[in-house]
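Colleague: Here is how the chains run, residue by residue.
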Amino acid sequence: MLLKRIKKGRFILLSLFVAVALALTGCSGKTAQTNTGEKTIKIGFMGPLTGDAKTFGESTRNAFLLALEQAGMKAGEYKIEHVITDDRNDATEAVNVVDKLISQDKVQAIVGSVTSRTTIAVSEIANSKKVVLISPTATAEKVTVDNNQRKEFVFRACFLDPFQGEIAARFARENLNAQTAAILYDQGNDYSKGLAEAFRKSFEALGGQIVASEAYSKDDQDFSAVLTNIAQKNPDILYLPDYYGKVSLIGKQARNKGIKAVFLGGDGWDSPELDFAAMEGGYFTNHYSPDDPRSEVQKWIQDYKSKYGAVPDAFATLAYDATNLLLNAIKTANSNDPVKIKEALQATRDFPGVTGKITFNANGDPVKPAHIIQIKGGKQVYVTTINP
Amino acid sequence: MERLLEQIINGLQLGFVYALIALGYTMVYGIIKLINFAHGDVFMIGAFIGYFAYTFWGFSLWGAVLIAMILCAVLGVLIERIAYRPLRYAPRIAALISALGVSLFLEYFCSLKFVFGPNFRVVQPPVKQIHWNLGGIPITNIQIIIVAVVILLLLVLQYLVYRTKIGTAMRAVSFDHDAARLMGINVDFIIAFTFALGSALAAAGGVLYTLAYPQIHPFMGIMPGLKAFTAAVLGGIGIIPGAVLGSLIMGQVETLTAAYLTSQMRDAIAFLILIIVLLVRPSGILGRGGPEKV
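Here the protein sequences come in this chain order: A and B. Using this note's numbering, read the first sequence as starting at 1020 and increasing by one per residue. Using this note's numbering, read the second sequence as starting at 821 and increasing by one per residue.
Quick caveat, the hints were computed from the structure, so don't treat them as lab data. C-beta: ideal position from N, C-alpha, C; glycine also. A couple of the hints might just be wrong.
To be verified - Taking lysine-lysine and the BS3-like style, the derived pairs with C-alpha atoms no more than 30 Å apart in a straight line are: (1) K853(B) to K1398(A); (2) K933(B) to K1398(A); (3) K1271(A) to K933(B); (4) K1237(A) to K1058(A); (5) K1212(A) to K1170(A); (6) K1395(A) to K985(B); (7) K1073(A) to K1148(A); (8) K1318(A) to K1073(A).
Said to hold, decoys possible - Output of the computed footprint for chain A on chain B, the stretches with three or more beta carbons under 8 Å from beta carbons of chain A: (9) 840-852; (10) 857-871; (11) 915-921; (12) 1079-1087.
Produce the complete structure using the sequences and hints provided.
Modeller: Right, here's the structure in full:
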């Protein structure tokens, strides 16, 4: 009886699924129609529009659409058609989505995905099917290069994890004149480890001294033991490359242990939920700052605000740059052939993006400046821009 | 030398925080021989209720502790009624799995947007931290509050279980359900009472925890719950002073490992000690020797 009921339930579920799938393909069939005679290029967008990274996906999609709209849905002589897809920040789903975009919708280029987890999975496929893929925000090294093999069709608009550590070290040495630094990082998190390692190397190479390098694990809440040791060494800088939640806890306990060091961190701090009181006076490296006085930045903020009613975050900004980089390459190549677009993208020099002047290196990673932001008076305040 | 003393005090704070959770864990196990995996999650809910009480509802710290204890006691009774009582005479593994289910349910239900939401919240505790310096060793008022509450709870529990009528009934139920029922003890009531008490303890622990570590989220109960469970086993599960002793040892081992050996190995060494103690004394440090009654 029970088995029967389960079977019946499954059948209903299955038929529902089939119906939804049919409806969906019906939809995309419609958007796939093109007016013959006109030159068109089709661009796919993928990002997590639902699931645990939903706000990241929404920001990037908003910026993608705004960039297309501002270009008048045209790149050079080519009319732009677009397809928006949702990968739910799930690597398996992302692979399905990219397969559909390439084989069914027949896109020539893709903007996406947002996190490294999904982007690493789809970059292989896009590369082997010869479709240009530019990720706005995936920071892991493996996105564009695997086993020393460059994925020729894959690019990104954000800088990599190690670069942030290097910039932080330079800022500490050159701008803050720091002699000594301590590092506290999450040993189970590649992001945190990558930043910590890069910071250590650069800080020492620039003549600074690392007096302590301590690790913790994801679930730790009590850092008193290592902080007591660090307080003893009295460093000028305490480097905390982790996300806002953990950093807030550490910052508070560090001050309680009498540590007077200046806190320094990475883009993981960029959240309204950071404990601003605990992190007062600290600096972090970021992709962009809304307080940056450059005209590109202020115009972008105005445009985004008038369309979506909010100040764009770093995700939106990087997606805007990624989309514009792609459109610019299509225009320069004046072609909808992915091979030509790829070559034009690779040849990009000093593109005036919102996040800074962008040039691609041999790996398809951008060479561009990072911005330093300070936590001051309970707010984020733009400090300076450091060129690579 | 001063630094060693400071590290020992760091370890004491951590140990007493574990003890806040371990007390409830071990008491519930002692009475009904059920490892209540949801204990860490009741602790989390207690922390959230406390946070709401002193941040939005205008209660003082102790008012918040009281509210959290009452609401979590009700929650504990509900959990027992829904998830454990129907399984009372099922194999013990069934109740254990049900406990795991309750634990996951509470974590993910609380992560829903309309409940607590999945995000971290930074807590502004109602008690300002005050630092004292006793001969170069920093001590805070929060450490003193936590130590005082643990000692108070320990004494109250010992009194309740060994000196009162209901405590006698609890021990009788622990010894033999059926015989206790024949003696006219309302077994269902006693077990529900045990859960209410255990959950209230977890709630008090949760609120005080936010004083020391001012950040809450729906998964905050997992690791402290696991560590407290380990501490309870180390001290001898089911034995109330054992929970405090085990917690203090865990706190010291973790802190001293991180301070003097390597911060990367603190959990590994803490659990290694547990394994060694259990190999030598399977029933824990304060556990009674001899095989368990079947």
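Colleague: Would you say the segment 857-871 of chain B counts as covered by chain A, given the rule of at least 3 residues with C-beta under 8 Å?
Modeller: Answer violated; 0 residues pass the 8 Å Cβ test.
Colleague: Is the straight-line distance between the alpha-carbon of K1237(A) and that of K1058(A) 30 Å or less?
Modeller: 52 Å, violated
Colleague: Quick one, are K853(B) and K1398(A) close enough, alpha carbons at most 30 Å?
Modeller: 52 Å, violated
Colleague: Has the given pair, K1073(A) with K1148(A), been kept, meaning a C-alpha gap of at most 30 Å?
Modeller: 28 Å, holds
Colleague: Straight-line Cα separation of K933(B) and K1398(A) no greater than 30 Å?
Modeller: 26 Å, holds
Colleague: Are K1212(A) and K1170(A) close enough, with their CA atoms no more than 30 Å apart?
Modeller: 25 Å, holds
Colleague: Quick check: the segment 1079-1087 of chain B, covered by chain A? Criterion 3+ residues, Cβ under 8 Å.
Modeller: holds (count 5)
Colleague: Within 30 Å, alpha carbon to alpha carbon, are K1318(A) and K1073(A)?
Modeller: Answer holds: K1318(A) to K1073(A) is near 26 Å, not above 30 Å.
Colleague: Counting residues of the segment 915-921 of chain B that have a beta-carbon nearer than 8 Å to any beta-carbon of chain A, does the count reach 3?
Modeller: violated (count 0)
Colleague: Quick check: the segment 840-852 of chain B, covered by chain A? Criterion 3+ residues, Cβ under 8 Å.
Modeller: violated (count 0)
Colleague: Given the hinted pair K1271(A) and K933(B), is their alpha-carbon gap at most 30 Å?
Modeller: Holds - the C-alpha atoms of K933(B) and K1271(A) are around 27 Å apart, at most 30 Å.
Colleague: Is the Cα-Cα distance between K1395(A) and K985(B) 30 Å or less?
Modeller: 59 Å, violated
Consistency note: the structure conflicts with the earlier hints numbered 1, 4, 6, 9, 10, 11.
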